[in-house]
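Go ahead and model the full structure; you've got the sequences and the hints to work with.
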Amino acid sequence: MDPAYVKALVLEAFKRSYAEGEEGAPIDDGIIFVTEAVGCLRKSYFIRRNPLPLPERLYVIFEIGRGVHYIIQRFLPVEAQFEVPCEVDLGPCVLRGRADVVLNDSILELKTIAKIREEYLPYQHHVKQLQAYLWMLDKPRGYIVYIEKGGGRIHVVEVHRDAGAWAEVCNRARLLHEHLAKGEPPPPEPSPLCRICDYAKLCGGGGGGT
Numbered sequence: 166m167d168p169a170y171v172k173a174l175v176l177e178a179f180k181r182s183y184a185e186g187e188e189g190a191p192i193d194d195g196i197i198f199v200t201e202a203v204g205c206l207r208k209s210y211f212i213r214r215n216p217l218p219l220p221e222r223l224y225v226i227f228e229i230g231r232g233v234h235y236i237i238q239r240f241l242p243v244e245a246q247f248e249v250p251c252e253v254d255l256g257p258c259v260l261r262g263r264a265d266v267v268l269n270d271s272i273l274e275l276k277t278i279a280k281i282r283e284e285y286l287p288y289q290h291h292v293k294q295l296q297a298y299l300w301m302l303d304k305p306r307g308y309i310v311y312i313e314k315g316g317g318r319i320h321v322v323e324v325h326r327d328a329g330a331w332a333e334v335c336n337r338a339r340l341l342h343e344h345l346a347k348g349e350p351p352p353p354e355p356s357p358l359c360r361i362c363d364y365a366k367l368c369g370g371g372g373g374g375t
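Numbering-wise (my numbering), the sequence shown opens with residue 166 and increments by one.
No lab work stands behind these hints, which were simulated from the structure alone. The model shown is predicted, which means the values in this text are computed figures rather than measured ones. Please note that the accuracy of each hint is not assured.
Computed spacing ranges between beta-carbons, pair by pair [to be verified]:
#1 V249 <-> I319: 18 to 24 Å
#2 L286 <-> E221: 24 to 30 Å
#3 R239 <-> Y285: 18 to 24 Å
#4 R360 <-> N269: 40 to 46 Å
Ideal Cβ placement from N, Cα and C applies to all residues, glycine included.
Dropping the structure here:
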């Protein structure tokens, strides 16, 4: 046994954990995930039509995030429902999601991030994701809980239900469905996240993103 072999063993553990809990993209193009609709639509299209192998580092990052979810589910000192499925029929497609933590009158959406910079928070795709769950589960408000992986800090942002934001999510879901049906990628949505997007080269237009 050597360091390279030990690394391979640990990485394989993360991969197996990821595979056990991952739903993957829906096979049916008539189903759009909330996370697909609120993120970069062009990237969401490529993940469905031209999927790339998941970089090894992401197996680790995703499973660290799931570890945080496990702790909250196991030890949150109030009554709550966890990983609550929700969906709504938008006509041409069904929008489907899963809320992290549902309380009597609110929803908690958990986000693990490398570093908390309050001046940049909340990220708008996180707000839109929570807005979708607030409307789909009929709750008046929710909280995005940012958990810093390196420093251990926690930052919470309160979000109130907004009809305009919900309409935008629905329109984006319909637009992604339309492009999937046509076999044509949506236009690029340039953002600072493009520089770390695994689909940047395939995108080719400066887009890709969340």
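Given the range 18 to 24 Å, decide if the beta-carbon distance of R239 to Y285 lies inside it. Given range 18 to 24 Å: violated, Cβ gap about 30 Å.
Does the Cβ distance between V249 and I319 fall inside 18 to 24 Å? Taking Cβ atoms as reference, V249 and I319 lie about 22 Å apart, which means the hint holds.
Taking the CB of L286 and the CB of E221, does the distance hold inside 24 to 30 Å? For E221 against L286, whose Cβ atoms are near 28 Å apart, the range 24 to 30 Å holds.
Between R360 and N269, does the C-beta distance stay in 40 to 46 Å? holds, 41 Å
Against the hints set out earlier in the document, a violation occurs for number 3 only.
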